[in-house]
Amino acid sequence: MVHKFNSYKNAIYGAVLFFFLITSIIATANENNLRIAGSTTVLPIVSRAAEKFKIKHPNISISVNAGGSGVGFSSMADRRIDIGMMSRKISENERKKYKGQEFIIYTLGRDGVACAISSEIFSDGITALSKEQIRDIYSGKIKNWKTLGGPDKKIVVVDKERHRGTRHAFMKYIFGNPTARARGARLVSGSNNEEQSKIAQSNSAIGMLSQAWINKNVASVALVHEGMQIKPSIQNIKSGAYPISRDLDIVTQKNISIVARQFIEFLLGPEVRPLIEKSGYVPIR
Amino acid sequence: MALLSMALGIGIVAYLFWEGGPFIWNQGTQFLLGLDWFPGEDYGAAPMIFGSAAVTLMALIFSTPLALASAIYTAEFLDPRRRLTVKAIMEILAGVPGIVYGLLGVSLLSVWVRDVFNLLDGYTLFSASILLAIMILPTIMTLSEDAINSTPAEHRQAASGLGLTKLEILFSVALPHAAPGIAGAILLAIGRAMGETIAVMLVIGGLDRIPEPWFDVFSSGQSIASKLGREAAETLGSGEHWSALMALALILFFLVIFLTAFGNWLIKGFRK
Amino acid sequence: MTRVQKEKIFSGALAFLTLCACSILAFILFAVFSRGFAALSWEFISSEARDFGAKGGILYQIFGTLLLMFASTTICLPIALGTALYQTEYLKSSFWKKAFKIFMASLNGMPTIVLGLAGYLFFGKFLGIGVSWLTGALILAAMIIPTAHAAILEAIETLPEHYQETGISLGLKPNQRIIAVVIPHSVYGIITGTLLGLARAGGETAAIMFTATAFSGVTLPKSITEPVATLQTHILVLAQEATNPIALANAWGSASVLLGIVFFLILGAKSIRNRLTWELER
Numbered sequence: 001m002v003h004k005f006n007s008y009k010n011a012i013y014g015a016v017l018f019f020f021l022i023t024s025i026i027a028t029a030n031e032n033n034l035r036i037a038g039s040t041t042v043l044p045i046v047s048r049a050a051e052k053f054k055i056k057h058p059n060i061s062i063s064v065n066a067g068g069s070g071v072g073f074s075s076m077a078d079r080r081i082d083i084g085m086m087s088r089k090i091s092e093n094e095r096k097k098y099k100g101q102e103f104i105i106y107t108l109g110r111d112g113v114a115c116a117i118s119s120e121i122f123s124d125g126i127t128a129l130s131k132e133q134i135r136d137i138y139s140g141k142i143k144n145w146k147t148l149g150g151p152d153k154k155i156v157v158v159d160k161e162r163h164r165g166t167r168h169a170f171m172k173y174i175f176g177n178p179t180a181r182a183r184g185a186r187l188v189s190g191s192n193n194e195e196q197s198k199i200a201q202s203n204s205a206i207g208m209l210s211q212a213w214i215n216k217n218v219a220s221v222a223l224v225h226e227g228m229q230i231k232p233s234i235q236n237i238k239s240g241a242y243p244i245s246r247d248l249d250i251v252t253q254k255n256i257s258i259v260a261r262q263f264i265e266f267l268l269g270p271e272v273r274p275l276i277e278k279s280g281y282v283p284i285r
Numbered sequence: 001m002a003l004l005s006m007a008l009g010i011g012i013v014a015y016l017f018w019e020g021g022p023f024i025w026n027q028g029t030q031f032l033l034g035l036d037w038f039p040g041e042d043y044g045a046a047p048m049i050f051g052s053a054a055v056t057l058m059a060l061i062f063s064t065p066l067a068l069a070s071a072i073y074t075a076e077f078l079d080p081r082r083r084l085t086v087k088a089i090m091e092i093l094a095g096v097p098g099i100v101y102g103l104l105g106v107s108l109l110s111v112w113v114r115d116v117f118n119l120l121d122g123y124t125l126f127s128a129s130i131l132l133a134i135m136i137l138p139t140i141m142t143l144s145e146d147a148i149n150s151t152p153a154e155h156r157q158a159a160s161g162l163g164l165t166k167l168e169i170l171f172s173v174a175l176p177h178a179a180p181g182i183a184g185a186i187l188l189a190i191g192r193a194m195g196e197t198i199a200v201m202l203v204i205g206g207l208d209r210i211p212e213p214w215f216d217v218f219s220s221g222q223s224i225a226s227k228l229g230r231e232a233a234e235t236l237g238s239g240e241h242w243s244a245l246m247a248l249a250l251i252l253f254f255l256v257i258f259l260t261a262f263g264n265w266l267i268k269g270f271r272k
Numbered sequence: 001m002t003r004v005q006k007e008k009i010f011s012g013a014l015a016f017l018t019l020c021a022c023s024i025l026a027f028i029l030f031a032v033f034s035r036g037f038a039a040l041s042w043e044f045i046s047s048e049a050r051d052f053g054a055k056g057g058i059l060y061q062i063f064g065t066l067l068l069m070f071a072s073t074t075i076c077l078p079i080a081l082g083t084a085l086y087q088t089e090y091l092k093s094s095f096w097k098k099a100f101k102i103f104m105a106s107l108n109g110m111p112t113i114v115l116g117l118a119g120y121l122f123f124g125k126f127l128g129i130g131v132s133w134l135t136g137a138l139i140l141a142a143m144i145i146p147t148a149h150a151a152i153l154e155a156i157e158t159l160p161e162h163y164q165e166t167g168i169s170l171g172l173k174p175n176q177r178i179i180a181v182v183i184p185h186s187v188y189g190i191i192t193g194t195l196l197g198l199a200r201a202g203g204e205t206a207a208i209m210f211t212a213t214a215f216s217g218v219t220l221p222k223s224i225t226e227p228v229a230t231l232q233t234h235i236l237v238l239a240q241e242a243t244n245p246i247a248l249a250n251a252w253g254s255a256s257v258l259l260g261i262v263f264f265l266i267l268g269a270k271s272i273r274n275r276l277t278w279e280l281e282r
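Protein chains in written order, with this note's numbering: chain A, 1 to 285; chain B, 1 to 272; chain C, 1 to 282.
In isolation and in its complexed conformation, chain A is listed as follows:
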């Protein structure tokens, strides 16, 4: 009879339903699971801290993902993750979207956003730029390095995804608007890593990068600010002299799990200070 096949089919449906029921229950029951995502600037700190934390608490699993400040915030606000990493403050639009929800922000350290250029351009003489010059480059008015006294090469203007914290800080200083448009952009990259890659691969690029990512292929220009040339060094960020600085934060909902609380306490504690410095940032305490 066909009903034999039917009962076979029903058994399958029943098993599938049961399966889903179980997983929904398990989903809510797993408390030793910590999810963190967001800014690639904050990522090195949290990732290293998580490794250290796990040695003391081997039964707690912490998964860390990148994605950018915007992704970190929205994932946390949607309760998909426990802790969001942000290298900027929560924007007005973001607060509006999650009206009524309260968020808690913890600051881990401070960082500076460097205006980064290909090392070849730096060694060819461009070592400092003013806000207006950078603005003209990003809006497409200046197209060649020779206009600024550098080599005769077209500028490869590297922009970043709009939600990224690094971009917000950079654009706020250059254009006065954290979500300004860069009409002169030629490429758009995502994480700090990708931006660093694109600048290093080219020999005439300019971009925005956390100063911790500066290396021998990617140089940072000093900013000409109020008559002085200010490099994005750790001292200048500490003292506040460097104009493009931002807090490195982690954000959470008001109510979080015990494990999350434990980890945040750890992050704010003395054991993580050397990790923050090792990652190239300024610890907050």
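Simulated from the structure, these hints should not be mistaken for lab results. Keep in mind that the hints are not guaranteed to be accurate.
Estimated spans, in silico, between C-beta atoms of each pair [to be verified]: (1) C/SER46 - A/LYS52: 22 to 28 Å; (2) A/GLU226 - C/SER46: 55 to 61 Å; (3) C/ILE246 - B/ARG83: 54 to 60 Å; (4) A/THR147 - C/ALA26: 45 to 51 Å; (5) B/VAL116 - C/PHE37: 24 to 30 Å.
Here are the simulated lysine to aspartate or glutamate pairs, DMTMM-like style, with alpha carbons at most 20 Å apart [stated by the list, open to error]: (6) A/LYS141 - B/GLU212; (7) A/LYS52 - C/GLU157; (8) A/LYS154 - B/GLU212; (9) B/LYS268 - C/GLU157.
Ideal placement from N, C-alpha and C gives every residue a C-beta, glycine not left out.
Assemble the complex: chain A is given as a structure, and chains B and C must be docked to it using the hints.
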């Protein structure tokens, strides 16, 4: 079980409609023709639609001649064992993961394109189309080869009985017979090219703008799939930004479904 | 020029182009493996990734990829078997037959990013499983149903008529016939479908990018609702550090492992399929 999978499919379509539909109603042509994509202010899909169309078209231009040549040669001039070998090679090529293409693109192809064409950088629509061309080559080749190979023997025999050489049989009998199948293969390849996300995302440059001038393929750009790959994580599930992305997904979805269905119809229909 | 000469030139040109097309694969294999060779070592495959992949190995990434592959294929097989049997044995109306074929073809051609997003919203959000390997496996299962379905269908359709007739003449009911006759014969197809499904699932990145994976901090998932690390997403992140030679070397190494896995799966499927063809030709 069959019903389960159909329900799944219908569910996905329904969801896309639900999320993306209202957005298109509200914005209409402004969405489709808008030239600026700036979440929070403008949502213009034109650069993405242009990008998808441009890289797909170029991929076809690069890939089809090579694929057809191989298909003809394999179907007409190769003995069965070599034919199987070539088809096996094509099947393996089709199985290469997209991310491997992406890696090759970022570290080899983009540098090569930059150096050969003396560009500022190699992250361009052109680079993406080269990767896509390789990815769709097996599709076009195997399906066209099947089409040419299934020309009925009687037709061939009749032609050779009339004294035609292999070449002439090819052009006057086999190819016309295989034409719908080849067309179908191309349509399926278009569908595949439009849907490819990861490889394109890494080399296309990410700039949401139609190049100036519009035919400058060596400029950076954006495709629909690549846009979804880059931005979906930002607003997963809610908000205006999400609706806009879903609207984009809807456009892509319909394009691909239509192409795939039509392509399959051409191939299967002709096989009878 | 005589017609015969024309033909020789033409076929020569075509042969050359065919060789070019085939050598693309050789180029890709060579490019990946030659660069990955430097990074590959027992230590690489068996140790954990550290420092965002710049150091250490890819043990948990391999595990994650394999887990997703096998889980998705396990979920997909009963469904694909069911749909294939349903299509051949139970579907009689030609309207439904056509609709079903269109549906399968559409599912096959669906952009995987769309499938991933929609799948996450359904499995992850609506059913509450969240970003986890289970969500990824379910999405991948949906994605490879057409592949497995086609392979099984091919095997069923090559079942010689007289097997069915013998079954009917023995008085077997439809589902008894299925269990005793059709399924055993289509084992080759099931195996081929499994291998091809595995290969396709292993090659997929977009669908699992934000639905199933985490970049660091994951080892072995202790529950159904935890994300995993995979080779595909590992390569994705490392590819964005293209100027860091160590990271890049690791990317090539991971790509070699991934490509190797997929390569062998497809070869396996092909050789089984060839055996099937030869058996039938006897």
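Status of each hint after checking the structure:
| no. | hint | result |
| --- | --- | --- |
| 1 | C/SER46 - A/LYS52: 22 to 28 Å | holds (23 Å) |
| 2 | A/GLU226 - C/SER46: 55 to 61 Å | holds (56 Å) |
| 3 | C/ILE246 - B/ARG83: 54 to 60 Å | violated (44 Å) |
| 4 | A/THR147 - C/ALA26: 45 to 51 Å | holds (47 Å) |
| 5 | B/VAL116 - C/PHE37: 24 to 30 Å | holds (27 Å) |
| 6 | A/LYS141 - B/GLU212 | holds (15 Å) |
| 7 | A/LYS52 - C/GLU157 | violated (58 Å) |
| 8 | A/LYS154 - B/GLU212 | holds (16 Å) |
| 9 | B/LYS268 - C/GLU157 | holds (16 Å) |
Comparing the model with each earlier hint shows violations of hints 3 and 7; every other hint is respected.
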